[in-house]
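Novice: What follows is each chain in one-letter form.
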Amino acid sequence: MKLSLRRKAINAVMLALTGVCTALAVGLLFFILGYLFVQGGFSLNWNFFTKLPVPVGETGGGMANALVGSAKVLLLATCLGVPIGFLAGVYLAEYAGGAYASVIRFITDLLNGVPSIVIGIFVYTLLVVRTGFTTYAGGIALAIMMIPISLRSTEEFLRSVPTALREGAMALGATKSRTIATVVVPAAIRGLISGMMLNLARVAGETAPLLFTAFGNQFWSPGWAQPTATLPAMIYAYAVSPYPDWHRQAWAAGFVLLTLVLLVNITARSIVASGSSHKSR
Amino acid sequence: MASSATTVQEIRPPGRISFVGRVLSGDNLAQTVAFICATLILVVTAALVFELWIHSAISREKFGFHFLFTSTWDPVAGNFGALPFVYGTVMTSALALLIAVPFGVGAAIFLAELAPPKLSDGMTFLIELLAAVPSVIIGLIGFLVLVPMLSVVVPAIKDLFGDHPPFFFSGPFYGVSIFSAGVVLSVMVAPFIISVSREVLLAVPKDLREAALALGATRWETTWQVVVPDARRGIMGSIFLALARALGETMAVTMVIGNTPKISASLLAPGNSMASVIASQFTEAVGNLYLSSLIEVGLVLFALTIVLNGAARLLILATGDKGASR
Numbered sequence: 043m044k045l046s047l048r049r050k051a052i053n054a055v056m057l058a059l060t061g062v063c064t065a066l067a068v069g070l071l072f073f074i075l076g077y078l079f080v081q082g083g084f085s086l087n088w089n090f091f092t093k094l095p096v097p098v099g100e101t102g103g104g105m106a107n108a109l110v111g112s113a114k115v116l117l118l119a120t121c122l123g124v125p126i127g128f129l130a131g132v133y134l135a136e137y138a139g140g141a142y143a144s145v146i147r148f149i150t151d152l153l154n155g156v157p158s159i160v161i162g163i164f165v166y167t168l169l170v171v172r173t174g175f176t177t178y179a180g181g182i183a184l185a186i187m188m189i190p191i192s193l194r195s196t197e198e199f200l201r202s203v204p205t206a207l208r209e210g211a212m213a214l215g216a217t218k219s220r221t222i223a224t225v226v227v228p229a230a231i232r233g234l235i236s237g238m239m240l241n242l243a244r245v246a247g248e249t250a251p252l253l254f255t256a257f258g259n260q261f262w263s264p265g266w267a268q269p270t271a272t273l274p275a276m277i278y279a280y281a282v283s284p285y286p287d288w289h290r291q292a293w294a295a296g297f298v299l300l301t302l303v304l305l306v307n308i309t310a311r312s313i314v315a316s317g318s319s320h321k322s323r
Numbered sequence: 013m014a015s016s017a018t019t020v021q022e023i024r025p026p027g028r029i030s031f032v033g034r035v036l037s038g039d040n041l042a043q044t045v046a047f048i049c050a051t052l053i054l055v056v057t058a059a060l061v062f063e064l065w066i067h068s069a070i071s072r073e074k075f076g077f078h079f080l081f082t083s084t085w086d087p088v089a090g091n092f093g094a095l096p097f098v099y100g101t102v103m104t105s106a107l108a109l110l111i112a113v114p115f116g117v118g119a120a121i122f123l124a125e126l127a128p129p130k131l132s133d134g135m136t137f138l139i140e141l142l143a144a145v146p147s148v149i150i151g152l153i154g155f156l157v158l159v160p161m162l163s164v165v166v167p168a169i170k171d172l173f174g175d176h177p178p179f180f181f182s183g184p185f186y187g188v189s190i191f192s193a194g195v196v197l198s199v200m201v202a203p204f205i206i207s208v209s210r211e212v213l214l215a216v217p218k219d220l221r222e223a224a225l226a227l228g229a230t231r232w233e234t235t236w237q238v239v240v241p242d243a244r245r246g247i248m249g250s251i252f253l254a255l256a257r258a259l260g261e262t263m264a265v266t267m268v269i270g271n272t273p274k275i276s277a278s279l280l281a282p283g284n285s286m287a288s289v290i291a292s293q294f295t296e297a298v299g300n301l302y303l304s305s306l307i308e309v310g311l312v313l314f315a316l317t318i319v320l321n322g323a324a325r326l327l328i329l330a331t332g333d334k335g336a337s338r
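Protein sequences, first through last, are from chains A and B.
For any residue, its number in the numbering used here is found by taking its place in the first sequence, counting from 1, and adding 42.
For any residue, its number in the numbering used here is found by taking its place in the second sequence, counting from 1, and adding 12.
Excised from the complex, chain B in its bound form:
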């Protein structure tokens, strides 16, 4: 009885069955539920953009584009400009990349080109575990271990410059600073650069290496002049992904950056980033304008990460290695 009903339904062309009829038959019900779940993702994302846009309206209307280029952040007077946070985010992220990229690419080269496969897999496993360490734990170690450590190391480095340290290393150092935040961030993004770059390097065809070695190039020359250039777009992609992560990283940065809405030329001065100003001030924001300004900072952050993520994915796809695009 049941089986004959199924057969009849399946022979009939789908267009003939009413929508409700299709939904109620088990097979289509499953498809419909799956479809709804997939569509839900679009709905959630649209709602997210909508909410950020609507709730930042007060701030957007009051400050316009000046919001991004004004450096006063005065909750008492109701004057808000996001420039110190944009500056803090850019500086900490740039510093993080400056440290993490050479190390990350170096380690990726070792893992992809030199290490025996077993060692490479084991090391990659450990490095991926490093990526799994929660942000707040990196922050905990950053705040309670790294910051006191830097308070000893940095003045010693400053002494090397004598009486006139370069502008980016001038001024007093209290431990919490843009510099500390950059160092902590570099620890967080390096594993990404390593594991994605390694995959991209492994995807480079063997023939290229063999041809270069046959021409008499050393191992390093083969790697640096043949393999790395071939994988450069994928490596760039991994750096973009790392940058996108660095921009949005919240807890670890909040704990070591000092949370001071000021722009200082010196990296040793405390600052604030977009994510960390939201984390540290959101729950104590009094008044609609204050809250709306913080939400606008979130909107800017959101837009920035989307642009970067898009660029990263395009770059990685362009190298033709789909495995790394995850």
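The shape of chain A in the complex, shown without the other chains:
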């Protein structure tokens, strides 16, 4: 009887502890969100979106150039990384089999695990040593990070399309590429879109590969062949500076970046969730 009580006590205590762990993890998210929204919310103003950064000592200014820079870098990364990853994913899901597919899958996982700073070094030695810091070098660095994720999510969602759909299309006389383009991909479109959005959200906050590719810029960066400011790199530079006014700007930038990243994340997840609800689950 005594033993049984002890066991019951251990049971209760340990189970309660696991609950505490979960509460702490979730609480941490709310702490981060709360702190950033309060600090960032107070620091944010219209100038942030419309003005250029000002030199130390002057108050005011904003990060308009970093917002545009980030948008440009991400646009380029998406236009390069997503189609390549998508087509490669189509190849793995629909065409390839056997050893070659396994090799590509393995290499993709490997590339996915490469630390982002190493990707930065790669693009630096490949491009930046020849052309100098450029906007497109930053875009290419992020594109390399997007390819593996794009591939894996494409393959996964295409594989979840029932084979019967493909057979039906083929039986109607459609060629394989036509089957894929008009039947398989539309059937998986929700998953594909959400996969791309999650991918974008992930690289949007990447800083390390941009430090020595897109570098940074206090001014506007016209075209694609000049260094550009980006939001994450600005957060880094401003946060580690010793000036309270720059810290304020960093909080505002962090607020904007996190809001965008979380919004894209939540939207992407709700697209999948609403799609899978009318499947039999």
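Derived from the structure by calculation, the hints contain no laboratory data.
Please note that the accuracy of each hint is not assured.
Derived list of chain A stretches under chain B, where covered just means 3 residues or more per stretch with a C-beta under 8 Å from a C-beta of chain B [as the list claims (entries may be wrong)]:
| no. | stretch |
| --- | --- |
| 1 | 53-66 |
| 2 | 74-83 |
| 3 | 131-141 |
| 4 | 246-255 |
| 5 | 276-286 |
Note that beta-carbon positions come from the ideal geometry of N, C-alpha and C, so glycine has one too.
Here the structure of chain A is known, so what remains is to put chain B in place on it, guided by the hints.
Specialist: Same frame as chain A, but now just chain B:
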């Protein structure tokens, strides 16, 4: 007209059509483009390894294997050894796991075994959002909130030890330190451990739980002695994945580690990790040897994460849960 051409092509055995002919017909064109994109991944990865190898040549030839075991990092004298950074990376990652593993596995157990499915899904959603918070934002909060906070908390803890704190807690504390970096890293890797471990635990067959409960085991005994051992390889896999991420994590660590190329026994001393030395010194590296040494640090980091990722994937695959291998 067009349709008859298609039919003729499809009846013909593929071997008869010339390569160019196959490529030009739409169907094969699509396949070829997809094939090229897939192959491009191999090319990019090969190029990455090649570039790192070639551009670290100067440093590799000059220092050889001593590079990894020498602790001088003197850009002025042109003497480079990566040991302080290897040490910093290992210590911060170990510390991160020491904090994140018990919490992560605990939370995973709660989410997989105890929480009602709806609550579990909701909590997991929030925890996955935590994983989506960019590294630089964790660093921002780490540097501007956590570091000042630790500057108050840590001396108080040190006072508890009296005049002779243990060696790993000795020396002055300036806020930025290996300890701070470990704490920040643990926040970043815990969500990975939680969501992967949860999936692995959910994959454990129900029969096992029912059998243990029927034998009179309590809920906790069932979980700890039956379910967790069955999922242990998958959980180990999640820890390896977390470790691989911790090793390569750059921004958050760079912002709180102090960037000092020194090895100190005390966790409270500032240090530097492999990723953070690259981030903080790469653009100001003057001279080929300096740059080449930094690239070699990148090469070592790359090799390390590949080994760990490979081990993690093997472990997760070995538990037979393919869903978690992503």
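Novice: Kindly indicate which numbered hints from before are broken by the structure, ordering the numbers from low to high.
Specialist: The structure conflicts with no hint, since it agrees with every one listed earlier.
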